[in-house]
Amino acid sequence: MTLLLVVLVPFLGALIPPLVIRSGRNTCAAATGGATLLALALLLSHGPAVFSGEVPKAGVDWVPAMGLSLSVFADGLGFFFAAMILVIGLLVIVYARFYLSREDPMGRFFAYLLLFQGSMVGVVLSDNVVLLLVFWEMTSLTSFLLIGFWTKRADARQGARMALVITGGGGLALIAGLLLVAQAAGSYQLTDILARGEMVRASPLYLPALLLVLAGAFTKSAQFPFHFWLPHAMVAPTPVSAYLHSATMVKAGVFLLARLWPVLAGTEAWFLIVAPVGLATMLVGAAIALFRNDLKGLLAYSTVSHLGLMTMLLGLGTPMAAVAAVFHIINHATFKAALFMSAGIVDHEAGTRDIRRLGGLMVLMPVTGTLALLGAAAMAGVPLFNGFLSKEMMLEEAAHTSYLGLDQLFPVLATVAAVFSVAFSARFAIGTFLGPVRHDYPHHPHDPPPGMWLPVAVLVVPVIAIGLFPGPVAGPLVALTAAAVIGGPLPDYHLALWHGITPALVMSLLAFAGGAALMLAYGQADRVRARLPRLDARAMFEATAGTLVFTCRRLLGALHDGALSRYMGVTVATLVAVGGYGFWSATHGAGTRPLLPVNAPALTAFLALVLASGAVLLCHAERLTALILTGVVGVVVALAFLQFSAPDLALTQISVDVVTTILMLLALNLLPKATPREESRATRWRDSTVAGLAGLGVAGLAYAVMTRNGVSISDYYLAQSKPGGGGTNVVNVILVDFRGYDTFAEIIVLGIAALAIYALLNPALKGAAVRRIKAMLPRTESRDVHPLLLVVATRVLLPLSLTVGAYIFLRGHNEPGGGFIAGLVVAIALIMQYIASGYAWAAERMKVDAQSMIGAGVAVAGLTGIAAFAFGRPFLTSTFGYLRWPVVGTFELASALAFDLGVFLTVVGVMLLSLAQLSRVARRIDPSPESREPMDVPLERGASGAAGREG
Amino acid sequence: MELLVAAAIGILTTAGTYLMLRAYTFPVILGLTFLSYAVNVFLFAMGRLAIDRPPVISPDAPGYTDPLPQALVLTAIVISFGMTALIVALALRGYLETGSDRSTLDAPRRTDAGGGA
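Protein chains in written order, with the numbering used here: chain A, 1 to 951; chain B, 952 to 1068.
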């Protein structure tokens, strides 16, 4: 389990820096470093096991049914990479503490850095490919945040965006690729996949999987032709460049190639694609690096070149080349991170990173200069430094490589790349540190505090140690890692300084000679380069992105131009077409279910529905008429429910219709009373055709189902309603018990809808809305605003209605009724008071406001559900028992009743809130005084208010 | 009887769809109401039709109709009220803010063009 913690600790640690930054920058850096150190200690505790050949694993199941698990493993490769990420991370944290200025938000920086670190460790330790993909995407996202850390700078934002688009796009390809690999291997566990390389390579999915995986790896590791994002990402703070762009993130692509080497490598396709891409990257990167004047730009392209070198070695597909690749990964991580940090120090102290303005710094900052020169020597491949050894191995491998019959291609181009490599290393070293001291540096350079150069020194130690004693120092690590990459027996190799006069040595010597010559002739070479045509990757990228955005906007603008009825028409027409196709492409027979006989009332109701619907269609422009006719349709529907054994539905439908009609009347009060007829005859005919076909389809479908028997799952509900749910009204038991979860969600939705209405209509309207309402004032209202008869009738009816509501509610579990219907009935009774006596009078007498009622309803229902936990049962498990009340007799008390109470409260609240809000819209603007009397006729003659008004 | 119900569902769907294709908010709201009726009856009909078989358990009931579609439709009716109310509020606010109760956004453009010509 401690292995899983190695991944989790950085993520948890990421919470700390933003919190402790108030305690000072040292505390913040110490906390960040502490988290990293803890993760490193946990990782190293597995070191002895890993070196003895075991593969520690840990994990918990996530979605086992889909092969998803949160599982990690540490074989040689994963262990080495994780250790490298954490060790260099630690050094970068120390360095960043001194690099970042006081104005930079350090807490945020370290939080991002830890998030990135965790993602990176996750990538290299994941055992599950889906988990790996998740971490992979997270490295893209966190690196976006880190590259764009100085958010105020436009180039930082652009560079971050470019990196995200390229690596994120590659990540998408990788998702597809790894899923195909998993499909071909029949497992999502990497440990399984690694053992089934033969199976994957034989699968027809191999080639597409390979191409997709390579797209992911090449974009991440900045391989040609995706190399251009990396230099633009150099706008990041230098600690980020040192960490992400030399040691870790860009190595993720190489790591992936190494990780999947036993599975994907060894085929013709692998060699033909990966090796030349690596070679081209090595060459192009080195050539561009030479002519960069920005130190970090030079290092960025040199990194591109070295990544190409590793990719090429892995692409060769031989075990020997894989060993060389592993060795170079180790060496490159040490000297390149050191060089990036040195470049950062130079920038920090001298105030510029431009080689043309530097030189002679060796005298002014001897410590930094010495360390940087040592790193540069390793980068150039000078003997006695670690870069020399792995480069020799690379040249040796290249010397024996024949590509499509071209024996000279790889050796020659590799040597040319090495020439450039020597030259740019020399330019970095000489241009910055050697030569005469200048007097026009922007700042006064001197060695920085030890906190900044110590991390560099720590990295330079292995550079020399490995260079001098490769076998004892790096041998075990190389063997361990390479064994994990190869997944089989190691080839016969030995890491040593002297191998005799080999082709590689000759190529190396050529490279030094060529590099020196190139350096001497730099001026001429630069003029030649200046005359060559150049491609500006950033301009091309921005132009492509701009074109894409523009095209998308045009397309979306044309499709989504706001003509909602057209969207609707297209949707319905498509549905009709698809349904029609399904119907015509199948065979049909007549239904076998016996039909019910038609009776006279049913026929009458049907005719009423036809007439009302037809009338609405014809005169929907007269809105009030159309609304009343719609009410007729609602009544017919309610009657149909009653006829076909659904009393609960009939009750619900009729009460909802009442409320809906009142609601729409309130809205019509402010909306225009008529719809203008402006559509052409053709439009109407087109819409009628679409609507008619849709109606025909739905009717046919309904008829087809009704005339056939089917299997229903309801037998269970019917059988269990009484014994299991304690009620005889199965519909209600389903609502509050069997499917209580649905109901719970539904009342929440209702509550949200009511709150949305409140939000839409309650806030003080401003501007145009107010002018429009004022234009409607004073509204012509009936002189008889609160009709006496209505007031008296509703007042008398109120207790009756409430009693009926309570009755319907209580009996709901056994007879038609329940929370929904009772809520509607009570809401209507209360709304009638508002209608009869006015809002102000009624609102004064409402002791509870509607919002609290909704909240209480949802809370009661939820608490009832949670109460089941107390008895160790799942959410919303109901229980019931029987009580004997003196007069009433045996009385059943189900916990579902409490749940239904929640439903009831929510429904009442929702109805009251919606209607009250609609009725108040104009009133809030109206300056005329609001009547607070229950009716227009004064109640008590002589009462002060009434008397005053009469007087 | 099945034919009548199916025809009714068809008519309600036709009316609802036609009204929803109008370009003004109020007919669209009415259309939504019609479509809700149609969908609710359709869902209800999926339990097949039966007369005098309410799903209330009793020893002397000859049989029961399918209770599940009824339960689903019951909540659907209440939810469609919530939806209608929300859209009514939306339409009202929209009208008050813009002075037009057209539901399509291209109204100003079209009127401008018409006015210019």
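Honestly, the hints are just simulated from the structure, not real lab data. Because the structure is a prediction, the values reported are computed rather than measured. It is possible that part of the hints are untrue.
[Claimed, not checked] With a straight-line cut-off of 20 Å between C-alpha atoms, the simulated EDC-like cross-links for lysine to aspartate or glutamate are: (1) A/LYS152 to A/ASP192; (2) A/LYS774 to B/ASP1003; (3) A/LYS722 to B/ASP1011; (4) A/LYS774 to A/ASP926; (5) A/LYS673 to A/ASP742; (6) A/LYS673 to B/GLU1048; (7) A/LYS766 to B/GLU1048; (8) A/LYS722 to A/GLU815; (9) A/LYS766 to A/GLU622.
[Claimed, not checked] Below, a sample of chain B positions facing chain A; criterion: calculated Cβ distance under 8 Å: (10) ALA958; (11) TYR969; (12) PHE977; (13) PRO978; (14) LEU983; (15) PHE995; (16) ALA996; (17) VAL1039; (18) LEU1043; (19) GLY1050.
[Claimed, not checked] Stretch-level coverage of chain B by chain A, calculated; a stretch enters the list once three of its residues show a Cβ under 8 Å from a Cβ in chain A: (20) 999 to 1009; (21) 1020 to 1028.
Positions of the beta carbon are idealized from the N, C-alpha and C atoms, including for glycine.
We went through each hint and held it up to the structure:
Between A/LYS152 and A/ASP192 the CA atoms are separated by roughly 47 Å; this puts the pair beyond 20 Å, and the hint is violated. With a C-alpha separation of about 55 Å, the suggested pairing of A/LYS774 with B/ASP1003 is violated against the 20 Å cut-off. Of the supplied pair hints, the one linking A/LYS722 and B/ASP1011 holds, its CA atoms being roughly 15 Å apart against a limit of 20 Å. For the hint linking A/LYS774 to A/ASP926, the alpha-carbon distance of about 7 Å falls within 20 Å, and the restraint holds.
As the CA atoms of A/LYS673 and A/ASP742 are separated by approximately 39 Å, the hinted pair breaks the 20 Å bound. A distance of roughly 17 Å separates the Cα atoms of A/LYS673 and B/GLU1048; the hinted pair therefore holds under the 20 Å criterion. Between A/LYS766 and B/GLU1048 the CA atoms are separated by roughly 9 Å; this keeps the pair inside 20 Å, and the hint holds. For the hint linking A/LYS722 to A/GLU815, the alpha-carbon distance of about 12 Å falls within 20 Å, and the restraint holds.
A distance of roughly 30 Å separates the Cα atoms of A/LYS766 and A/GLU622; the hinted pair therefore is violated under the 20 Å criterion. Among the interface hints, the one on B/ALA958 holds; its C-beta lies about 6 Å from the nearest C-beta in chain A, closer than the 8 Å criterion. Because the smallest distance between the Cβ of B/TYR969 and any Cβ of chain A comes to about 4 Å, under 8 Å, the interface hint for this residue holds. Look at B/PHE977: its Cβ gets to within about 5 Å of chain A, closer than 8 Å, so that hint holds up.
Because the smallest distance between the Cβ of B/PRO978 and any Cβ of chain A comes to about 5 Å, under 8 Å, the interface hint for this residue holds. Annotation: B/LEU983 was flagged as interfacial toward chain A, and the flag is violated, the nearest CB pair being 11 Å apart, outside 8 Å. The beta carbon of B/PHE995 is positioned within 8 Å of a beta carbon in chain A (closest approach about 7 Å), and the interface hint is therefore held. With a cut of 8 Å, the hint placing B/ALA996 at the interface with chain A holds, because the nearest CB-to-CB distance is about 5 Å.
At its closest, the beta carbon of B/VAL1039 sits 5 Å from a beta carbon of chain A; the interface hint therefore holds under the 8 Å criterion. The closest approach between the C-beta of B/LEU1043 and any C-beta of chain A is roughly 5 Å, which is under the 8 Å cut-off, so the hint is satisfied. Nearest Cβ of chain A to the Cβ of B/GLY1050: about 6 Å, under the 8 Å cut. The hint holds. Residues of the segment 999 to 1009 of chain B with a Cβ under 8 Å from some Cβ of chain A number 11, which satisfies the need for three, so the listed coverage holds.
Interface restraint, the segment 1020 to 1028 of chain B with chain A: holds (6 residues with C-beta to C-beta distance below 8 Å; minimum three).
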